[in-house]
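Since chain D is already given, all that's left is putting chain F on it; use the hints.
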Amino acid sequence: MNHLIILPVLIPLLAGAFLVVAFAVPLALQRLISLLSTALLVLIAWLLFERVMAGNHVLYTLGNWSPPFGILLVADRLSVLMLLITAVLAAFCALYAGRGDDSRGAHFHALLQFQLAGINGAFLTGDLFNLFVCFEILLIASYALLLHGGGIARCRASLHYVILNLVGSAMFIIGVGILYGVTGTLNMADLAVRVANAPAADLPLLTAASLLLLVVFGIKAALLPLLFWLPRAYTAASAPVAALFAIMTKVGVYAMLRVFSLIFGLETGLVGTIAWQWLWPLALATLALGGIGVLGAINLRNLTAYMVIVSVGTLLATLALGSRDALAAGLFYLIHSTLMTAAFFLLADLIARQRGEAADHMVIAAAMAHKRTLGVVYFVGAIALAGLPPFSGFVSKVWILQVAGGTDRQAWLWPLLLIAAFMILIALSRAGSKFFWRQSGEPPLRFRMDPARLGVVITMLLGSVVLSVAATPVMSLMLDTADAVLSPGAYVEAVEAAARQTGEER
Amino acid sequence: MEVLFAAALGVLTFCGVYLILRARTFPVVLGLTLLSHAVNLFLFGMGRLTLEAPPVIGESSHQADPLPQALVLTAIVIGFAMTAFVVVLALRAAVELRSDHVDGVDPDEDWRP
Numbered sequence: 023m024n025h026l027i028i029l030p031v032l033i034p035l036l037a038g039a040f041l042v043v044a045f046a047v048p049l050a051l052q053r054l055i056s057l058l059s060t061a062l063l064v065l066i067a068w069l070l071f072e073r074v075m076a077g078n079h080v081l082y083t084l085g086n087w088s089p090p091f092g093i094l095l096v097a098d099r100l101s102v103l104m105l106l107i108t109a110v111l112a113a114f115c116a117l118y119a120g121r122g123d124d125s126r127g128a129h130f131h132a133l134l135q136f137q138l139a140g141i142n143g144a145f146l147t148g149d150l151f152n153l154f155v156c157f158e159i160l161l162i163a164s165y166a167l168l169l170h171g172g173g174i175a176r177c178r179a180s181l182h183y184v185i186l187n188l189v190g191s192a193m194f195i196i197g198v199g200i201l202y203g204v205t206g207t208l209n210m211a212d213l214a215v216r217v218a219n220a221p222a223a224d225l226p227l228l229t230a231a232s233l234l235l236l237v238v239f240g241i242k243a244a245l246l247p248l249l250f251w252l253p254r255a256y257t258a259a260s261a262p263v264a265a266l267f268a269i270m271t272k273v274g275v276y277a278m279l280r281v282f283s284l285i286f287g288l289e290t291g292l293v294g295t296i297a298w299q300w301l302w303p304l305a306l307a308t309l310a311l312g313g314i315g316v317l318g319a320i321n322l323r324n325l326t327a328y329m330v331i332v333s334v335g336t337l338l339a340t341l342a343l344g345s346r347d348a349l350a351a352g353l354f355y356l357i358h359s360t361l362m363t364a365a366f367f368l369l370a371d372l373i374a375r376q377r378g379e380a381a382d383h384m385v386i387a388a389a390m391a392h393k394r395t396l397g398v399v400y401f402v403g404a405i406a407l408a409g410l411p412p413f414s415g416f417v418s419k420v421w422i423l424q425v426a427g428g429t430d431r432q433a434w435l436w437p438l439l440l441i442a443a444f445m446i447l448i449a450l451s452r453a454g455s456k457f458f459w460r461q462s463g464e465p466p467l468r469f470r471m472d473p474a475r476l477g478v479v480i481t482m483l484l485g486s487v488v489l490s491v492a493a494t495p496v497m498s499l500m501l502d503t504a505d506a507v508l509s510p511g512a513y514v515e516a517v518e519a520a521a522r523q524t525g526e527e528r
Numbered sequence: 525m526e527v528l529f530a531a532a533l534g535v536l537t538f539c540g541v542y543l544i545l546r547a548r549t550f551p552v553v554l555g556l557t558l559l560s561h562a563v564n565l566f567l568f569g570m571g572r573l574t575l576e577a578p579p580v581i582g583e584s585s586h587q588a589d590p591l592p593q594a595l596v597l598t599a600i601v602i603g604f605a606m607t608a609f610v611v612v613l614a615l616r617a618a619v620e621l622r623s624d625h626v627d628g629v630d631p632d633e634d635w636r637p
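If you're matching them up, the sequences are chains D and F in order.
Each residue of the first sequence is one higher than the one before, starting from 23 at the first, in my numbering.
Each residue of the second sequence is one higher than the one before, starting from 525 at the first, in my numbering.
Since the hints were derived computationally from the structure, they do not count as laboratory data.
Check the hints yourself; a few may be wrong.
[Claimed, not checked] According to the in silico footprint, chain D covers these stretches of chain F (three or more CB under 8 Å from chain D):
no., region
1, 525 to 531
2, 539 to 552
3, 580 to 586
4, 604 to 615
5, 620 to 626
[Unchecked claim] Here are some, though not all, of the chain D residues that point toward chain F, as calculated from beta-carbon distances under 8 Å:
no., residue
6, Phe45
7, Leu62
8, Phe151
9, Tyr165
Built from N, CA and C at the ideal position, the CB exists for glycine as well.
Looking at chain D on its own, in the form it has when it is part of the complex:
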């Protein structure tokens, strides 16, 4: 059996446990352990990525229990893609936090590692109840991370976030319970087969379960009626935490794709599921609300938080189209938007540090000490975020417009997407001119900028350049991934083959 696939869960779990036990070790050593763990994660995610993209699913049966019994880990193309994005993002966050943000509260690195264990587990698991458990691990770590640094704003944002997610967890269990009661299994591949062959009398219950799961994942992904916790939470969180949270909404999107393509869409296809039909109008409304929110943002972090909402709306609207090209375009946009919103949270922090009490609020203040450097970085970042050429935002946006073109949904998606992009452009230029062009006459604050922090942000922005230069190979990888999502039969077959194999070994 190949043990590589369990390492993305095991390494952060062990690193986090060690950091909790050894909380008295110097901060420098904690940073080193955290960085080592995330670096190892990047390496392992890359190895898994190469292996799975080239061939087939990699499966891991814990305790060698034959599926559908026991806990199963499955790495398919979608999950290794998500693993790789998470690992890269986590490495940047750990680096940035290691420059001082982690000393503003206890156990930052331990919590970061636990969060990673939960996220990676959610991506890899092939069992619905295990998905719930992984969600809880990543959530409880995120509750504590959100509070990192303390303060009134974080406390206030946490209350909403925690209470809403606890209600979400209750709904998740109800959904899982209904599925178990009707089908008698929780293994996702086995569920898929049984749901596809379910008698007509069970269909209302199964539909209810699927809609409950849509609500649960909608809370995580910040879909319209369930997104009002997000702007306040992401605005209040400390910079590296907010950057890491850029992947959290994508965990919800991943769970939607996985559950609805596999369990409920085995026979009807992704678009045939009832939950998926709800997604289209809700995603468009999310996109519109995000665009309005960007215009009304009170500071740069708040603006970026609404950018996250715009990206969720764009992503889900694209995925809701349901075709192979649309899924591929959506996944490309997912990589781009995760990296760029995370980079922008960090950039907002860099700017806020230089403006003293004005922080990143959109008010006129004394000039920044490193106005030119930050101005250039902001300009490049804003272009990448708003989706102007030559960066990856442009490539992904054109691709999305292209796949929506010619379908009957073009008339909705094109205007909304373009108007939202225009609003983002206005908001970013307004913020930029306040920060860099209009200054009060006071002398600039003396400030030594940390080159490592700046380096992290620049490297992340360069990621966008790499993504647009290497667009062709990345796009073909995304098309392969979309194929895998749209052929859940292969996933089921891989699990059944593993069941036969472990059965023979006994």
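Showing chain F alone in chain D's frame:
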């Protein structure tokens, strides 16, 4: 038994939802606890309700489904941890914000970021 079980579930859920919709943190925490009780019972019930049936094969003529019991155990542990966290958070919020309103301020005052 089914009627009693369903009624208990309904009452627990009703009270839980009602309390969660209150505006103070303490009733909300109580509501969350009641809701998680209801959810745990629901999950337990999904293994079908049987009398005098241990979840062990060979001990009696018929067995109960052991899986929901294991799931409920997991859900209880997680729910307990989450409740502990939310209680501490509510206390801290009450101290730091000087208000036990879930929004951190009373709605008549205006909110500033």
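The hints, checked one at a time:
1. 525 to 531: violated (count 0)
2. 539 to 552: holds (count 3)
3. 580 to 586: violated (count 0)
4. 604 to 615: holds (count 6)
5. 620 to 626: holds (count 3)
6. Phe45: 18 Å, violated
7. Leu62: Interface hint status for D/Leu62: violated (28 Å vs cutoff 8 Å).
8. Phe151: This interface hint holds because 6 Å falls under the 8 Å limit.
9. Tyr165: Cβ of D/Tyr165 sits 6 Å from chain F, so the hint holds.
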